[in-house]
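Numbering (this note's numbering), first residue to last: 1 to 365.
Among the hints, a few may not be true.
[To be verified] Dumping the calculated EDC-like pairs for lysine to aspartate or glutamate here, alpha-carbon to alpha-carbon at most 16 Å:
# : residue 1 : residue 2
1 : K200      : D180
2 : K194      : D345
3 : K213      : E295
4 : K65       : E204
5 : K65       : E177
6 : K200      : E177
7 : K65       : D180
Hints in this document: simulated from the structure, not taken from any laboratory.
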Amino acid sequence: MVDPERPSDDNEQKGTENVSTIPFTLVIVAAALFIVIGGLRLGSTLVIPILMSLFIAILCARPVKWLVERGWNVTLAVCVVLALVSLIIGLFTLLIGSQFGEFSDQMPMISDRLSALYGQGLNWIEDFGVPIDRGAIAGSFDPSQLVQYMPTLLSGVGDTLSQTVIIVIMVVFMIYEILDLPQKLKIAFENPQKSLTRFKQFSESLQRYLIVKSEIGVACGVLTTLTCWVLGVEFALIWGVLAFLLNFIPNIGAFLSAIPPVLLALVMPDGGVLLAIVLGGVLGSVHFITGNIIEPRLMGHALGMSTLMAFMSLVVWGWVLGPVGLLLSVPLTMSLKILLDSHPDTRWLSVLIGPTEERRRRSRR
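All chains, full assembly: derive it from the sequences and hints.
Put into structure tokens, the structure is as follows:
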């Protein structure tokens, strides 16, 4: 006699077996990621220009495709788009070049003023009878170093951009490959519709993410530059470029971009505590509105990332690729998330990387 309960037991057993394979899969994925990340760190000097070229190509592919759809020759469209991008980068380089040199010359004086102000703050605390071990504090915290991380970041980006010829050549070839990939998939597979759908989903999601982040970064950079210029804070253009770059760093990028101009406003001859507070308040409001209100609405439902994963990506990619890795940390992790989300077998990993449904709904309100 057949037990009617047996089929449900079999299904239950199969479900249990499927669930039990997930931890093993996680171990395999973690081991593979560990090996890949180690290889990327060893070959970072080669990997960084390739990654920069890839993201630039992804950003440029959409306007190139738009021009081609309107009857432009592909080669002409690629040349025009790259010429515009090169012109914009060149103008920014010329504009901030002189300011950056002047800022580097004034850095020792700014550091001395910060150290003196820091000492005055410790004296003020000691006046209230609070015992302070100055030696221990000096060994663990030096306020003058807060300003000096910015040249390190910009120099790292500058070293990468110094390989302009190599990057431009790779961008050109990558754009052609991105445009030709759908046709290659049609030739390679007998039934390419599923592969084409996944590729289209991946490329469109990644393009949307990079474009939105770039737009938000430009808005933050322009508003930061205008705010510093109106309030009389020196090197306003440098702070705007810094705000644009650090916008790609999750969670702490906005905070880091506000530190140098606020400290400079504090130690400027015409500055002071009031100016620093006003500048910090305005910049904080700008980053809060763009990062917590505008950006989630533009990003949409599918491009979320948990706070822990965003911070871990910052730590890991910063360790692997250096200063440039800080800027590329979220784009790289988002690329992985979008790629995982585009295939049913790996979508569960994408869910683990992303936030909960409740947080997504709240961020879009």
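- prompt: Within 16 Å, alpha carbon to alpha carbon, are K194 and D345?
  reply: holds, 14 Å
- request: Could you grab the alpha-carbon distance between K200 and D180 and see if it respects the 16 Å cut-off?
  value: holds, 12 Å
- prompt: K200 and E177: Cα distance at most 16 Å?
  reply: holds, 14 Å
task: Decide if the proposed pair is consistent with the structure: K65 and E204, CA atoms, cutoff 16 Å inclusive.
output: Within the cut-off at roughly 12 Å; holds.
message: For K213 and E295, compute the direct alpha-carbon distance and say whether it is at most 16 Å.
response: Roughly 8 Å between the alpha carbons, so the hint for K213 and E295 holds.
query: CA of K65 to CA of D180, is that 16 Å or under?
result: holds, 11 Å
- prompt: Would the pair K65 and E177 pass a check requiring their Cα atoms to be no farther apart than 16 Å?
  reply: holds, 12 Å
Every hint from the earlier list agrees with this structure, and none is contradicted.
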